[in-house]
Amino acid sequence: MTGLDASFLYMESPSVSMHAVSVMLVDVSNMRGGYAFERVRGLFERHLVPGLRRRMVEVPWNLHHPVWIDDPDFDLSRHLRRATLAPPGDQRALESLVGEVLSTHMNRAHPLWEITVVEGLRGGRVALICKVHHAVIDGAAMATVLERVMSSEYDAPDITPASRASASEPIPGARRLIVDALRDRLRGLLRLPRLVAQTARAGVRLLQRTRGQGLSLPFTAPRASFNARLTPRRSFAAVDLPLADVKALKAALGCTLNDVVLGIAAAGLRRCLDRRGEVHRRPLLACIPVATGGPEDARLGGNKVSSLLVSLRTDLADPLVRLREIHALTESAKHAHDLEIGGLLEQWTEYAHPWLARLLMSRVLPRLPRPPVNLVISNLRGPTDTRYLIGASLERLYLGGPLVEQLGLNLTLWSYRETVHLAAVTCPDVGLDPHELLRDCEHALAELIAAVRPDPAANPRNPRRVHSPRRPAGRAHGQARRSAKSTTSGPRRTIG
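Just so you know, we're using the UniProt record's numbering here: the sequence shown kicks off at 1 and counts up by one.
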């Protein structure tokens, strides 16, 4: 197991479960031959990728990261479950069930994934709730796996089965695990001087670039109300946004789709926190996962991921000024990531000692005076045409990521056809309602669209003018910070 894969195991605690979820809704009302649970089971019997047959084994005395082996006792029935929603079987009931699925840990004695097939949904639909541990797969690989089990034609022949796993191997003995661990640690020590030199050079280049652009490096975030100690419970909510509106904002403001996504999230968070009486003295800081593999890296498992740290500029009141600032900060973060910073993180995780990593994640991180970031926002691009599963059309697909101590919010977006499917995972015991937040994101998108498409009747002298304010001047954007305004009355809690 790589150090990066293992790090997601080390992050776990009784209140933190490091698994991701995908929720697929398929329309089986006109399914050829009719729907049957056995057809779903047959799909995964034929197309289960080999990586999902592996289970982890700990190395004695934590000398090294755990290892993967093919589970000699693999049983699909242990991972494939069936549930039925009580009438009316609406979206809220499904989201509640997803929250329950996310609230439980998985047994490490077996492969770390499970699928719940949900029947009884309104409108002749069936949902598949797929829960997979982050140590097994990252978002980019998850997208590849989803593509493997879907087809692009309704009446297409059965898709090519995944290659069969190799014959099951016995669980390695303690002696073999210890010898292999010590040998790999020795190889790592021989590579360490080169890695230290690479890190030093990348650090110098990063400092030179940030100083030349008058930027500062954000290392800690302000403490928002949802940055608190977590409990094991999780809540899940989802909403659909028009992709055409997101593209319209991209074209009008000259930024990227990801910038627009961050702008929507920032505006929604500001509305939500305004309602909770929190003052935006310092902007929220988001962690943006970034795949480090190239376009040819069509993985079916493992992790090749780094992250960008981007300020959401929630201290700014004007949504368009905020979005332009986000675009500038994201470009700077990308430049820093291109200086090998992202790939270095993956290499350094190989040297993490399991005991020390667990201590850092379970003891140190929860006690920091400020969280390292406020939330995680992921954005994945899905197919633009209709996909089919077990002979039924895929209607919607939502993805949800894990929560880490002090980070009580994870937002994940998946674009499919002409819709952006946005899902939020929260801990209900930190007081953040994901349904309210997503409604705020819907309002934020409408507000941004109205800002770039003003009503001509409201401005008859210049009906085609697009309101797109310039980026505030100043190395630290001080003028923009001073423009932040309070929009609610009553008691206020200061963020930062």
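Because the hints were derived from the structure by calculation, they are not lab data.
Among the hints, a few may not be true.
Result set (DSSO-like, lysine-lysine): computed pairs, CA atoms no more than 30 Å apart in a straight line [what the hints assert, rightly or not]: (1) Lys334 to Lys304; (2) Lys304 to Lys250; (3) Lys247 to Lys334; (4) Lys304 to Lys247; (5) Lys250 to Lys334.
This structure is a prediction, so every number in the text was calculated from the model and none was measured.
Hinted pair, alpha-carbon criterion (30 Å max): Lys304, Lys250. Please report holds or violated. holds, 28 Å
Holds or violated: Lys304 to Lys247, with C-alpha atoms at most 30 Å apart: Distance of about 28 Å is within 30 Å: holds.
30 Å limit on alpha-carbon distance, applied to hinted pair Lys334 and Lys304: Given pair Lys334, Lys304 holds - Cα atoms ~17 Å apart, limit 30 Å.
Straight-line Cα separation of Lys247 and Lys334 no greater than 30 Å? holds, 21 Å
Restraint status (C-alpha distance of Lys250 to Lys334 at most 30 Å): holds, 18 Å
Every hint, counting from the list given before, is met by this structure.
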